[in-house]
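Respectively, the protein sequence lines represent chains A and B. Residue 1 is where the first sequence starts when you use the UniProt record's numbering, and the numbers rise one by one after that. Residue 1 is where the second sequence starts when you use the UniProt record's numbering, and the numbers rise one by one after that.
Think of the hints as simulated: they come from the structure by calculation, not from any bench. One should not assume that every hint holds.
[Unchecked claim] Listing some non-contacts, in silico: residues in chain A with all C-beta distances to chain B over 12 Å:
no. : residue
1   : Phe4
2   : Glu7
3   : Lys8
4   : Glu12
5   : Ala21
6   : Lys32
7   : Glu107
8   : Leu109
9   : Lys119
10  : Gly136
11  : Ser170
12  : Lys278
13  : Asp318
[As the list claims (entries may be wrong)] Some, not all, of what chain B presents toward chain A, calculated at C-beta under 7 Å:
no. : residue
14  : Ala21
15  : Met216
16  : Glu220
17  : His237
C-beta: ideal position from N, C-alpha, C; glycine also.
2 protein chains.
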Amino acid sequence: MLKFDAEKFVTEGEKAYSLRADIEQIALKVQKEGISNIFFTASGGSNAVMQPFNYWMESKSSIPSYLLTAADFLAVGSKKLNKNSIVILLSKSGDTKETVALAKKMEQLGIRTISIVNKDNTPLAHHSTYAVNTFGYHPQELAFYFLIGKIMQVNNEFNDYEQFADELKSLPGDMNIVAQEVDSKAKEFAEKYQNADYQIWVGSGDLWGTTYSYSMCVLEESQWLRTKSVSSPEFFHGTFELVEKDVPVVLLESEGATRPLDERVANFATKYTDQFTKFDMKEFTLSHISTKFRPIVEPSVMWAALRRVSLHLEDIRDHPLTKRRYYRVVDY
Amino acid sequence: MLKFDAEKFVTEGEKAYSLRADIEQIALKVQKEGISNIFFTASGGSNAVMQPFNYWMESKSSIPSYLLTAADFLAVGSKKLNKNSIVILLSKSGDTKETVALAKKMEQLGIRTISIVNKDNTPLAHHSTYAVNTFGYHPQELAFYFLIGKIMQVNNEFNDYEQFADELKSLPGDMNIVAQEVDSKAKEFAEKYQNADYQIWVGSGDLWGTTYSYSMCVLEESQWLRTKSVSSPEFFHGTFELVEKDVPVVLLESEGATRPLDERVANFATKYTDQFTKFDMKEFTLSHISTKFRPIVEPSVMWAALRRVSLHLEDIRDHPLTKRRYYRVVDY
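Same shape as in the complex, but just chain A (with noise of 0.2 Å):
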């Protein structure tokens, strides 16, 4: 299977997973410490990483969460921050401009800051209250399970948690299955699209990140493909009527509360265009997860399924990924 390491990524991933003692070690501190309310706060591609978890809180936790770009933040602050609340930040490099100088912000401000990077010894790091090298091994949500499941779990708001966190240790075996399963049609969309002028990409609930962040920092980001992303209800108040015979239509199905506003999605797709695509979560083994838990692992497993579809169309397209026109190329 082309580019495929599946050996590679358990090992990864049990090194990622290493770090849930110390994470949850940080949880129940701020935890302990009190919390009033959460910010999550990134830029582009990390902040649709953490969408599923202001998603989780805003409907399963009372603690107040509000996922906001970085650079909003900074421009426009919030009425809400206090010294009781907790700002969580991701950035792979560690060093995202708007990412660091929100750090510092809240360092001053006296707030605490929890940040998720992919290195050691990064400026974000530096001006964190806590901080979590993650490596940039996957799953990438790893250490938000960790996290908010166990600040829920704390808050009498997850009580299975426990078996939950259990059950992760095997989230990186399940994903390379998962890989495999989709595999031939990831390489067979690539295929089909690889020179699309035009692609709608729906998608709702857990998967709304994953969603927004595979159309914009894959497709449009590393492939310069055009897309239009929106919510599955969104869909019905706009975008659908763009909807035409020759049309693609992309469909991310969560298996969430959110199935039935997909599933209209579908069957209105599958009537007024023959080029729609579901990658379903459904349609996943995932032999080592709870039914009840799939929805919350829907983001990882939806982006090792995607990935595939990345990475065949870097090899179709001869484009790899990590080309860019202007990103950290030019000034701007």
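Got chain A; can you put chain B on it based on the hints?
Just chain B, lined up with the frame of chain A:
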């Protein structure tokens, strides 16, 4: 000027303004009973109308607020919903399926709802604790200025409210001036991009809702033109890689706290495409609105400007703004 009736617009604006006392009474009543948090919820364009008010509260109010699509809210629920919550609903028709269903659910739960509709005797009004009929008169944000402004005033977060609300009396007249100021530019834009195969729309802060909804609910839904909307800070985390010499980029430039983020987009786009247009709030005359209030009225004012683009598109393309392929035409 094409389809422009300045007098009618002002007369209707006066009727909308006459609701001020009633709306302030609702604000005072719910404030007195207690407000634990506020949920803004609707679908599509109506949700986008409320975006600036959630944004305003996020930055300036200690009251937690959330902006959710009605379908999501129905499917997923929220742990933050409690007896002191206020759910604010907007539906022009007053019969949008999910919005009405949500009002009914709140009715059962005994949670207060405030609905804004454009008609008398709607199902939404029938199932709401409070309902305001604004007749569809503009500015459509007016009811929210009174409602949210008053709530924030009582909460000591908007001490200038009375002055602001007094000045709003002249806003429809000022919007007419803006419409006249921008009309030739709007016509030129409509002529130039009437057949554009793709456009990138960018905006931030108070104007993000406008950016999102103008591209989705006008260009996509009512003109069947392909767009991508992205916020100014997020533009640099993906979409900007698609910018080339011939790619249309449109910026709705704010006068609020996020203006520097917009300026960064303008600088970039000016350099890398020759198809860059901006509609800049700073260029509009608003004789009766104090400088300090200009950012707050941006959504209304930008609507007045973009309405000119819509009317010229409809005219030039011979494609009525009311024409639909699917919405309320077929079942889905």
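- Outside-interface status for Lys119(A) - nearest CB in chain B farther than 12 Å: It holds; Lys119(A) is separated from chain B by about 19 Å at its closest Cβ, greater than 12 Å.
- Message: At 12 Å, judged by beta carbons, does Phe4(A) keep clear of chain B as stated?
- Response: 25 Å, holds
- Item | Separation of Glu107(A) from chain B, once the least beta-carbon distance is taken, above 12 Å | The assertion about Glu107(A) holds, with a minimum of 21 Å to chain B.
- Task: Decide, holds or violated, for the assertion that all CB atoms of chain B are farther than 12 Å from the CB of Glu12(A).
- Result: Non-interface label on Glu12(A) holds, nearest chain B Cβ at 25 Å vs cutoff 12 Å.
- So is Glu7(A) really clear of chain B, every C-beta pair being over 12 Å apart? 32 Å, holds
- Message: Is the interface hint satisfied for Met216(B)? The criterion is a beta-carbon contact with chain A at less than 7 Å.
- Response: OK, holds: Met216(B) within 7 Å of chain A, min 4 Å.
- Task: Identify whether the interface hint at His237(B) stands, where standing means a beta carbon of chain A within less than 7 Å of its own.
- Result: 2 Å, holds
- Task: Examine each Cβ of chain B, and state whether all of them lie more than 12 Å from the Cβ of Asp318(A).
- Result: With a cut-off of 12 Å, Asp318(A) remains clear of chain B, as the shortest Cβ separation is near 17 Å.
- Query: Once the shortest beta carbon distance from Glu220(B) to chain A is found, is it less than 7 Å?
  - Reply: 5 Å, holds
- Please settle this one: Leu109(A) was flagged as non-interface, so is its CB more than 12 Å from every CB on chain B? About 15 Å separates Leu109(A) from the closest Cβ of chain B, which puts it past 12 Å; holds.
- Is the Cβ of Lys278(A) more than 12 Å away from each Cβ in chain B? Label holds. Min Cβ-Cβ 16 Å, cutoff 12 Å.
- Just checking, Gly136(A) versus chain B, shortest CB gap more than 12 Å? Label holds. Min Cβ-Cβ 17 Å, cutoff 12 Å.
Hint compliance for this structure: hint 14 alone is broken.
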